[in-house]
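Novice: All chains should be built: construct the whole structure from the sequences, respecting the hints.
The numbering used here applies: residue 1 is where the sequence shown begins, and numbers increase by one.
Among the hints, erroneous ones may be present.
Unchecked claim - Simulated DEER-style distance windows between Cβ atoms: (1) E421 to S322: 13 to 23 angstroms; (2) E423 to F28: 56 to 66 angstroms; (3) R368 to L167: 41 to 51 angstroms.
For the record, the hints were derived by calculation from the structure and aren't laboratory data. Predicted model, so just to flag it, every value in this text is computed and none were measured. The beta-carbon is built from N, C-alpha and C at its ideal position, and this holds for glycine as well.
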Amino acid sequence: LPDAPIIHPLVSGYPDPELCATGVAYKFAQALRAARGVDGNPDEDDLDLVALATVADCVPLIRENRRLVREGLVALARTQRPGLRALMRVAQVDPAEIDEKTIGFRLAPRINAAGRMQRADSGVELMLTDDPVRADAIAAELDHANNERKLVESRIRYEAEAQAAALGPRDGYVLASEDWHPGVIGIVAARLAETHQRPVVIVALDGPEGSGSGRSVPGFDLLAGFEACAEHLLRFGGHRAAAGCTVASSSVAAFAESFEQYCSAIFADQRGTAVGHADAVVGGDGLSMELAEQLTALGPFGIGNPKPKLLIPGARLDGARSMGEGKHLRCTINSAGLRVGAVAFGTARLPDGAETALDVLGSLEVNRWRGAEELRFVIEETVLPSGSIELLGRPEDDLEATLAVLAAGPFTVAEFGSEGEREVLDRRGAGVVGVLASLVGGGENVLVVSASEQRRRAQLAGRVAGFSLTSWALLLAKPSLADPFTHLVLLDPPQSRAAEQLISGGPQGSYAHQLWGPSELRFTLDELERNADLRGSMAAVYRALRESPKSPLLEQLRSGDDQRSPATMAIVIRVLEELELAHFDGTSLVLVSDSPTRRELESSPTFMANTREVEEAREWLSPIASLAA
Numbered sequence: 001l002p003d004a005p006i007i008h009p010l011v012s013g014y015p016d017p018e019l020c021a022t023g024v025a026y027k028f029a030q031a032l033r034a035a036r037g038v039d040g041n042p043d044e045d046d047l048d049l050v051a052l053a054t055v056a057d058c059v060p061l062i063r064e065n066r067r068l069v070r071e072g073l074v075a076l077a078r079t080q081r082p083g084l085r086a087l088m089r090v091a092q093v094d095p096a097e098i099d100e101k102t103i104g105f106r107l108a109p110r111i112n113a114a115g116r117m118q119r120a121d122s123g124v125e126l127m128l129t130d131d132p133v134r135a136d137a138i139a140a141e142l143d144h145a146n147n148e149r150k151l152v153e154s155r156i157r158y159e160a161e162a163q164a165a166a167l168g169p170r171d172g173y174v175l176a177s178e179d180w181h182p183g184v185i186g187i188v189a190a191r192l193a194e195t196h197q198r199p200v201v202i203v204a205l206d207g208p209e210g211s212g213s214g215r216s217v218p219g220f221d222l223l224a225g226f227e228a229c230a231e232h233l234l235r236f237g238g239h240r241a242a243a244g245c246t247v248a249s250s251s252v253a254a255f256a257e258s259f260e261q262y263c264s265a266i267f268a269d270q271r272g273t274a275v276g277h278a279d280a281v282v283g284g285d286g287l288s289m290e291l292a293e294q295l296t297a298l299g300p301f302g303i304g305n306p307k308p309k310l311l312i313p314g315a316r317l318d319g320a321r322s323m324g325e326g327k328h329l330r331c332t333i334n335s336a337g338l339r340v341g342a343v344a345f346g347t348a349r350l351p352d353g354a355e356t357a358l359d360v361l362g363s364l365e366v367n368r369w370r371g372a373e374e375l376r377f378v379i380e381e382t383v384l385p386s387g388s389i390e391l392l393g394r395p396e397d398d399l400e401a402t403l404a405v406l407a408a409g410p411f412t413v414a415e416f417g418s419e420g421e422r423e424v425l426d427r428r429g430a431g432v433v434g435v436l437a438s439l440v441g442g443g444e445n446v447l448v449v450s451a452s453e454q455r456r457r458a459q460l461a462g463r464v465a466g467f468s469l470t471s472w473a474l475l476l477a478k479p480s481l482a483d484p485f486t487h488l489v490l491l492d493p494p495q496s497r498a499a500e501q502l503i504s505g506g507p508q509g510s511y512a513h514q515l516w517g518p519s520e521l522r523f524t525l526d527e528l529e530r531n532a533d534l535r536g537s538m539a540a541v542y543r544a545l546r547e548s549p550k551s552p553l554l555e556q557l558r559s560g561d562d563q564r565s566p567a568t569m570a571i572v573i574r575v576l577e578e579l580e581l582a583h584f585d586g587t588s589l590v591l592v593s594d595s596p597t598r599r600e601l602e603s604s605p606t607f608m609a610n611t612r613e614v615e616e617a618r619e620w621l622s623p624i625a626s627l628a629a
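Specialist: So this is what it looks like as structure tokens:
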């Protein structure tokens, strides 16, 4: 260090060690004014510049940095500096709508382009000039430099990606070339770090030395990585997210090997952890302008204070159209029956599974453009729903389930207390997948009750998972099935008074979510008619027994309807036995005679019991059906 006073938060023990250089200069100016007894608060006039520099320098937006940027954004919106106003004009930034994103993506790149591509003092001149005409000229110069920077960046990025591809998957990358502009390598490093989700250092070689610029990823301290490789570096400095170094050309290979080994050791401790972290799980019905405004109030966002990440489970993406010269995607998220506009940057196509259901991770924001406001979800990651749907109250195997119903009796209704404190929530009209996924994603234990557990599992598989599924019949036979579950989701309407009484009979702190609407009512009525057509089921099974007596039992019982429920198959077996048409020995169903005596179905007690059951359910559902119509 030179023989001079050193002003730095780390050296002085200042409470916030993450101030950028402009922030340090700002605090020093404050101290000088205080020491001279200057009245008033002229320091606030510089907050626009402090905010600009703090965001551009990629320091963590926490503690004092966050306050400086928050207050500085207000100052930027009303700044009268000719240079800043001119810069906003060429960057097409509305001062009233400026935020940390417009600094990071519109203003800062143009200022930084001056030092990278042309003369570094043009940015200083822009901030100091009082002449609006001169300010416009400098701003145009910076805009031209930024366009030039983009062209150079594209070439270097292409070449750097080729080097990375040749190396193969690594935990850390050091890439070098003699043909790379030192003013652009930091941006390229940031792009590659984002793509590969690993730290990247880009080195521009110039004779015996090279200038390196690195960018990090969440969870990795880049400056600590440079310190671990210090023996291979001539100089280095920076912070966790971004750092620079000088390295001898002859030491680049050794530095690359040492850096990659250090990265591997760090990431070895993080293997198996989730890449995407969600701060909250929301359904489409929870996405609102009010929520977006509340989340915006937590800003400004940046390193150290990232935007809150929201997970929308089981969402469908549709209406895809490209934007930004085909580099980005605009689409619509469909969740819980509501539609929200969305964008995905850096991709031009919808992911696989978008038309069925995806878990979508991203952030919610208010997009403002030319005076208009719209709610927008920024998609960062999509994955197919994982987990399974457990059938509760019956064996997984349909034949075993049929035998279990046969042993217990197909119309069993257990006694249960109708008194309870389960809170009933009317969620009808909300999307089934969105509500289910929101509950499951929040770590809740969920039991879904349906008219047919078998058909419903087939419909929901691949769209949402991680819950248990049963039917009203199984739940009535064994009400204790619901006891371990905090949330009872009533996907289909109950088909009897007993089933309705069962809903509220739970412990305090448990909930019943009524989800069913017209489509679920139609599904229930369809299932009811399938059960009512016992005559058709009997004829199909009898024909299979006569024509294919050696076929597997389950295949015979499903003849004519491969989705015939275990309950219906058990009823068919019992009716055939009661009519003395077939004999069941526990493993096979055999016809008693090739030419049996004709019997009336009505002479079977089980057939008549099923008929009464169906009629009672029709009568119970009739008022609901008329209202739905």
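Novice: Does each hint hold? Answer for all of them.
Specialist: Structure-based check of each hint:
1. E421 to S322: 13 to 23 angstroms: Between E421 and S322, where Cβ atoms are some 53 angstroms apart, the hint is violated.
2. E423 to F28: 56 to 66 angstroms: holds, 59 angstroms
3. R368 to L167: 41 to 51 angstroms: holds, 42 angstroms
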